[in-house]
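Engineer: Build the full structure now, drawing on both the sequences and the hints.
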Amino acid sequence: MLRSLHKIPGLVAAALILLLATTGVVLSVLPALETAQAPAVTAPAPTTAELAARVAAAYPGVEQIRRAPSGLITAFYFENDRPGRVVIDPATGEGVREYTPSAFSRWMTNLHRSLFLDDGGRLTAAAGALAMLVLCVSGCLLTVRRVGGWGRLFSRLRGPLAGRLHVEIARIALPGLLLSSLTALVMTAGTFGVLPSDRAAPLFPTEVSETMGAAPGDIAALAAVPLEDLRELTFPYPGDATDVFTLKTVSGTGYLDQGTGAMLVWADHGPWQQLSATVKMLHTGKGAWVLGLVLGLTTLGAPVLAVTGIIIWLSGRRSRPRLPAGVRADRADTIILVGSEGGSTWGFAATLHKGLMVAGHTVHTAALSRFAPERYTSARQVIILASTYGDGAAPSSAQGFADRLAALPAAPAIPLAVLGFGDRQFPDFCGYACEIARLAEEKGWEQLLPLDRVDRQSPQDFARWGRALGQALGRPLELAHQPALAPTHPLTLISRRDYGAQMQAPTSILRFALPSVGLWQRITGRGFPRFAAGDLLGILPEGSAVPRFYSLASASRDGFVEICVKKHTGGLCSGQLIGLAPGDEVRGFIRRNPDFRPAGNRKPVILIGAGTGIGPLAGFARANRKGRDMHLYFGARHPKSDLLYDEELRQWQADGRLASVNTAFSRTADRSYVQDILRKDAVRIADLIDSGAQVLVCGGREMANGVTAAMADILQPKGLTPATLKAEGRYVEDVY
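Sequential numbering from 1 applies to the sequence shown in the numbering used here.
For the record, the hints were derived by calculation from the structure and aren't laboratory data. Hints may contain errors.
Below, in silico cross-link-like pairs of lysine-lysine (DSS-like), each with a Cα-Cα straight-line distance of 25 Å or less [said to hold, decoys possible]:
| # | residue 1 | residue 2 |
| --- | --- | --- |
| 1 | 248 | 280 |
| 2 | 640 | 567 |
| 3 | 640 | 566 |
| 4 | 603 | 718 |
| 5 | 603 | 626 |
| 6 | 603 | 443 |
| 7 | 567 | 603 |
| 8 | 680 | 640 |
| 9 | 726 | 680 |
| 10 | 718 | 640 |
| 11 | 680 | 718 |
Structural biologist: Here you go:
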């Protein structure tokens, strides 16, 4: 419900919100420009009486003096029966230039306020403001749900660039967008008389002295009004003894006798007038030009939010399979909750959803982050399908689940089954699913089935678990899952560099041509996407529907796709890749890996890898620029056989992209591993990390464990640990 409340107004009102935001940004600059163009008021500032006397002396036919919230003072007068209007210098009362209202400002204001459609346009603009308000509130609640609570609202984000940029911009722009949308709605309500109103002005006096000639500079009531409080002073009509001075200030309106200068009638602004003035100031920035500029800057986020929101919506539609029609959470006997990072687990959820419906169950499927046991009033079982992000962390669609489960006073009175998805070659196989099972056990949540796990998206493992689930539910259940093939693109090999032959460990650097992408493909997101070093290239080997992933050693701007591949005994994909010749093709796709890359600052980076793990590290070095220290620690078998990127490493160190290169070789007389050279350089590494350096580790799990142990010893004198750095995002691993 909350996600739909955020998505639907955004999609429906995107164009209107973009128009209102763009015009609002332009209008936000105008108060600052008007303030800058207003003649400066020298100290001591004149009173309203002094200003009126000076203007009357310079323009005997003055009719009215106005002071805008920006401080710009204008006078309207008649001279030789011809009207005039000038910008006034308050120090002299004389005009500095002719006053000409901005046609552009008026045109832009009408477009922003009513779309040139009068009342209908005002209501349409108000609908846009309402949509923005709904988007702000729902987006804030979705972010809180995603990160796991209000206390983590500003925590570091993970996931694709569009999603992270959407939330980061929203965090900055949210206060301004909320204020703009709320004040716009209040102003519209006032325009159409929905809000109560105070009497705009006091009644015109019924009795006056019918004398004339009081000099403005001698009127005490005008002398009591500071210049900054003045809004408008209207002079009596010449020769009409029954007319009066009309004074308008920030606090009220009054009438003054033109003969005696006495205040005949005065009325303070009522609370609704004061509210209206405050709301107008907050919305337009008139009278608070700094606030106007701040609101304008935050409103600039609206176009970015619209574009990234549409990208997220399109990506979600492409990556998540269409689920069979389900029922509401309060009507379902089976609740399926999905924790997924890349989207593949949703495919298994769709298969399970359909299978349970065929077996006669009523099913509701949702993201694990939307866990809400109070809504499961008809449920007889809850089933959680959970993948693992990185080293045992919660995937993006499961953010906040653990906290909400821990906050429950008691476990739900509904049996639970947990199925994990992962890769058995990792020590922390299905780590997040194991964590869910542990938390559920501690909470006393009844288990429908023991924790089970699916290795490498195996349809066979899933079918086996499905049969066990069917037995637990008392109905046969056959789950024949067909993995959805990712949209792939042909990649043509253009060059290869071979290593490792002497060590009987064939390894190659494979460089593929960057697939050409048409403009329409790029706009619709169906072409080969842009990528960065550290992202993953998924390759579908012949004879398998399960992709293998390789870290990219290049970025889109390099103009090619490059990976490092080592041939594994019996390895289907590695064997096919190592066997490629220039001109051969494979099919692949990009998977984002945004957390594994140098942070966006100028602080040092420590790159640690072994074997083909140098791939993304080489990509980082290739993209580095002078001025940022980047230190490489690399382990291989033998310098004459396995030193990948040997020529480039020398060149990058010469041109400053690598500050240092440190190597370890395990098949030489001085046999050493990468953790050994880390310990030898412990003092420098500790100092670099203490000064804010980031550590990026890529390679096999065994190597990564050795590096972690070495780094723990290195950091101990500084009072730091790898775990602390990981929590700060300064120690990141990409292991296999």
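Engineer: Work down the list of hints and note, for each, if the structure agrees.
Structural biologist: Verification of the supplied hints:
In summary, the hint linking residue 248 to residue 280 is supported, as the alpha carbons are separated by about 17 Å, within the 25 Å threshold. For the hint linking residue 640 to residue 567, the alpha-carbon distance of about 18 Å falls within 25 Å, and the restraint holds. With a CA separation close to 17 Å, the supplied pair residue 640 and residue 566 stays within the 25 Å bound. Simply put, residue 603 and residue 718 have alpha-carbon atoms about 18 Å apart, close enough for the 25 Å limit, and the pair holds.
Proximity of residue 603 to residue 626 is assessed by CA-CA distance (about 12 Å); at most 25 Å being required, the pair is judged to hold. Straight-line distance between C-alpha atoms of residue 603 and residue 443 comes to about 43 Å, which puts the hinted pair past the 25 Å bound. For the given pair, residue 567 sits about 36 Å from residue 603 by alpha-carbon distance, which is inconsistent with the 25 Å threshold. Between residue 680 and residue 640, the direct Cα distance comes to roughly 23 Å. Compliance with the 25 Å bound is thereby established for this hinted pair.
Among the hinted pairs, residue 726 with residue 680 is consistent with the structure: their alpha-carbon atoms are about 23 Å apart, no more than 25 Å. A distance of roughly 37 Å separates the Cα atoms of residue 718 and residue 640; the hinted pair therefore is violated under the 25 Å criterion. A threshold of 25 Å between alpha carbons decides the hint, and for residue 680 with residue 718 the separation of about 17 Å falls inside it, so the pair holds.
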